[in-house]
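A.B. asks: In the order they appear, the protein sequences are chains E and P. For any residue, its number in my numbering is found by taking its place in the first sequence, counting from 1, and adding 98. For any residue, its number in my numbering is found by taking its place in the second sequence, counting from 1, and adding 20.
Simulated from the structure, these hints should not be mistaken for laboratory data. A virtual CB, placed ideally from N, CA and C, is assigned to each residue, including glycine. One should not assume that every hint holds.
Covered by chain P, according to a simulated footprint, are these stretches of chain E (three or more residues, beta-carbon under 8 Å) [what the hints assert, rightly or not]: (1) 100-111; (2) 115-128.
Away from chain P, derived, C-beta distances all over 12 Å, residues of chain E [as the list claims (entries may be wrong)]: (3) 357; (4) 658; (5) 709; (6) 779; (7) 795.
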Amino acid sequence: MLTKNQINQVQKALSRRGVNYEPLLEELTDHICEQIEDHIAEGYTFQEALDSCVSAHVVHSNQRMYTQLNPITMLKSYFKLGLRSLYRNKFVTVLKLSGLVLGTSVFLALLLHIYHEISYDQFHVNKDTIFRIVTERPTEHGDVSRTAFSGAPWGPALVKEIPEVLNTVRFMRYRLPVSIRSEAGQQFMEDGLIWADSSFFSLFSFDLIKGNPQKVLSRPDQVVLTQSTAQRYFGSEDPIGQQIIYEDDVVLTVTGIMKDFPTNSHIQADLVGSFSSLGRSFWFNIIDNWGIRYYYTYLRLQPEASPVLVQSKIQDILDTRIPENNISVTLQALTHIRMGGNRNDELTPNVDKTSVTMEFIIGLLIMVMSIINYVNLTSASALKRTKEVGMIKVMGSNRGLIFVRFISESFVISLTTHFLSLTVIYLVWPYLNTFLDTSLILPPIEQISLFLFSSIVILTVLSGTYTALRMSDMKIIPSLKGDIYRGQPKKLLSVRRVLLMVQFIACIGLITSSFIISDQMDLFFKRDTGFEKENVLAIQLSNTSEAYGLLADLKNKLNGIEGVDAVALSSHHLGGDQLYTSSYYTSSDSINMGRLHIDYEFLNVFGIELLAGRDFSLLNGSDTSNFIINEQAASLFGFEPLSEAIDRNLSYFAQNEEGRYLKQGKVVGVVNDFNFQSLHHDIEPMVMDIQPPRNHFLSIKLGKSEYQSTLSKVGKAWSKVFPEESLNYFFIEDSFTNQYKTEARTQLIVKLFGMVSLLIASFGLLGLTYFDTMMRIKEIGVRKILGSSSLQILRLFIREYLLLIIIGFGLVIPFIIWLMNDWLQSFAYRIDISVVNIIVPLLLMVGFVIVSTSYTILKAARTNPAQTLRNE
Amino acid sequence: MSKDQAELLKGIYPILILKLLNGNSPMYGYQIEKNVRILSDDQFSITQGSLYPILHKLEEKGLIKSFHKEVNNRTRKYYKITTKGRKNYDLRNTEVRSIFDSLLSFLNRESVAPDL
Chain E
99 MLTKNQINQV
109 QKALSRRGVN
119 YEPLLEELTD
129 HICEQIEDHI
139 AEGYTFQEAL
149 DSCVSAHVVH
159 SNQRMYTQLN
169 PITMLKSYFK
179 LGLRSLYRNK
189 FVTVLKLSGL
199 VLGTSVFLAL
209 LLHIYHEISY
219 DQFHVNKDTI
229 FRIVTERPTE
239 HGDVSRTAFS
249 GAPWGPALVK
259 EIPEVLNTVR
269 FMRYRLPVSI
279 RSEAGQQFME
289 DGLIWADSSF
299 FSLFSFDLIK
309 GNPQKVLSRP
319 DQVVLTQSTA
329 QRYFGSEDPI
339 GQQIIYEDDV
349 VLTVTGIMKD
359 FPTNSHIQAD
369 LVGSFSSLGR
379 SFWFNIIDNW
389 GIRYYYTYLR
399 LQPEASPVLV
409 QSKIQDILDT
419 RIPENNISVT
429 LQALTHIRMG
439 GNRNDELTPN
449 VDKTSVTMEF
459 IIGLLIMVMS
469 IINYVNLTSA
479 SALKRTKEVG
489 MIKVMGSNRG
499 LIFVRFISES
509 FVISLTTHFL
519 SLTVIYLVWP
529 YLNTFLDTSL
539 ILPPIEQISL
549 FLFSSIVILT
559 VLSGTYTALR
569 MSDMKIIPSL
579 KGDIYRGQPK
589 KLLSVRRVLL
599 MVQFIACIGL
609 ITSSFIISDQ
619 MDLFFKRDTG
629 FEKENVLAIQ
639 LSNTSEAYGL
649 LADLKNKLNG
659 IEGVDAVALS
669 SHHLGGDQLY
679 TSSYYTSSDS
689 INMGRLHIDY
699 EFLNVFGIEL
709 LAGRDFSLLN
719 GSDTSNFIIN
729 EQAASLFGFE
739 PLSEAIDRNL
749 SYFAQNEEGR
759 YLKQGKVVGV
769 VNDFNFQSLH
779 HDIEPMVMDI
789 QPPRNHFLSI
799 KLGKSEYQST
809 LSKVGKAWSK
819 VFPEESLNYF
829 FIEDSFTNQY
839 KTEARTQLIV
849 KLFGMVSLLI
859 ASFGLLGLTY
869 FDTMMRIKEI
879 GVRKILGSSS
889 LQILRLFIRE
899 YLLLIIIGFG
909 LVIPFIIWLM
919 NDWLQSFAYR
929 IDISVVNIIV
939 PLLLMVGFVI
949 VSTSYTILKA
959 ARTNPAQTLR
969 NE
Chain P
21 MSKDQAELLK
31 GIYPILILKL
41 LNGNSPMYGY
51 QIEKNVRILS
61 DDQFSITQGS
71 LYPILHKLEE
81 KGLIKSFHKE
91 VNNRTRKYYK
101 ITTKGRKNYD
111 LRNTEVRSIF
121 DSLLSFLNRE
131 SVAPDL
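Whole structure, please, built from the sequences with the hints as guidance.
C.D. replies: Laid out in structure tokens, this is it:
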């Protein structure tokens, strides 16, 4: 006699083979069981008997059916049916598609951006054997300063001394834009000029269109232009052999034209000058100095060489040559530079690996949300189609075919979604590039096709399987009667509710994060930086020496303009510039500090407060060698109280065209700490003195009225003094804000994603409420008859959603707080996460649920019960 | 059994089933199938695909009647013949016999040319 379990197995085997009509199933089960019992009596095992009985008899019919079907015709008909059923349920189809298209577009756009980031520097043929030397050095206050810079003489020495190093290339880029003048006299301010060794085109795989790669940079005073720069300078003329003038001083000959640098290269430039020009035509005395780190050095190693071993050899060489500098080197793989952490002095800004990962997670989250939406809506709308399924089954369809039927619908949706999403991406492509401030590199077409194919399949499977399985599993008779849920207990956490809760969790998470990120950004924009940045105009001065003689004249002219409050010169501009550093001596001890060169008006222009002593004064002749320090510097020197600092001796080694000399003087004033750099950094100790040849910026404090006319007067004064030079000015406040470009973009992205997720969730909620209400329309009618008001019914329905929000909220908030606290750690100045940032998103979600569900529910609740109950 | 044979026999399955139920106590599907096979020395074999549709059709016509019984942990459906069924069986019995007689005499004829 067979056990109950074995009988179940028989039944399942039959169902699998398409026997779904229950009365027949019952009889056939008994039939096969009897046969099996006979077989067992003859010595078969149960499994053998089952296999032989079921396959011997039942399969025939189905096999015949499958072999007689034309699969292509069948799929075609399913495809058509899929389209027809989507067309019939227009409201739901639009809801489903909007959510999916939104989610997929965002996800695809993010993937394209991530691909762009990952593809950085991958196009170099020798990418696996090229490394960059980067350096680290401990600072006085216990940190480590990490820079992308290395020394100029290092590379050539390493090629000679380390056999594994095959080749090297060095770059230098001056920190400020430089002046380039065409032969015709037109001036261009260029910040994309790099000076590179002649090995540049053999080591890297940049495309040289004209010129010999071995020779274009082999001699001093040669320059290679990118295509667009050549176009800018010479138009349609042939640029080869033409001359341009660097800083009105050095004549460079154009020897080559290269393609513009690919946007996924961390090396970016408009002009590449020959490195051998340095030290010969300008930049004297310092090019052979091992201790000055102001260059980028790339090494190409032998393929089998161990980078770790080479790195330790380089370290040994440096320890011998410049033991006092305490520098440690690291070899950084070329392809790791883009996401290689935040070093100072990068050629182009890096991206954070975490933020790329975050981007992927957010994209995935939004995609998952939209899939959940789709699954929820489909499974809810499928409930209206149980009769259809029952009918198909009665007509002889089996589980497999029903599954294929529902999966085909998902396939149609998935295909349409991808098509629409690609259209959306195509349409927003220019805006996307503007927003990301780059030109995104697309993956090769084979990769795109393969990805789209798998993406369509994955989306079909993910979105369709659940509903297709459920529908194919349905019993015929209850499905025909439309009461497949009768008698089933109402579960608190059904699949649909869990999915809805996951959406709420993602929503709350994204909104809370965007609130916190916004607050942190506001801190940046609103925090007192210790100096006045409003209405200060900064002009970058050209490097030409004769300019300095004319500056006094310009200052006088500017001071005479009504609406100009004050004018000052300085070596750096506030907000976005990086200070020089020097070792300062009080007695025998030296401390490394920031160095800023200013003039007599600087403190006045920026409203920097003097805490002790006095400002520099023209009346005091010796002030050219005196110093003003900030609070940090005073405390590092141990001057307490601050007045102790006044008249103390201070000295450091300065550099002029004749070489190094000791500059000695007294501290005359102490100023309050102000944020020279962005708020990512702590305020560093800083020493200010007067060195007119090092002044590169002119800052003008404007009065509050008559902005435009003052600006044009400034322009006129400038062109009177420097008729040949164009005026390059910017506002300090803008430049300060620009330092938070990444954060502002993050803020915008998170806000945008918060909105997108809310939108997707709203589509889902709208659809679910619609179905829920349709399914319970009679319940609503009965409740109304029994005396419920519309509001009471609304409350009853909404209570369920609110419960889900609260559970989701409880689950996600601790994680978000942890995550955000971790993120905030990267800022020197950060906010505390306030309760408001947590409660407001919750209230927002609640409000949003009420708004998006009320309309449908209230509409149903206001319907006359006589209509809804007419058929009972 | 060849395909032609199966085709030929399709029409006579109902009468085999009615015959079995006429002489015996109620029977269930498998039992009917097995008995047909044994009693015909494996000459006749009704597949499930034919058996159950025939049973259901006979029941629909009121010639047989079914009832359920719990046996060996499963529900078994028994069929028994009704009075109408018995009458129908007798009728069919006579009909089949006369058809077969005519068929045999036709097939046994030596000359197949018509007597004109």
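A.B. asks: With reference to the structure, classify each hint as holding or not holding.
C.D. replies: The hints, checked one at a time:
no.	hint	in the structure
1	100-111	holds (count 4)
2	115-128	holds (count 6)
3	357	73 Å, holds
4	658	110 Å, holds
5	709	96 Å, holds
6	779	79 Å, holds
7	795	94 Å, holds
The structure shown violates none of the earlier numbered hints.
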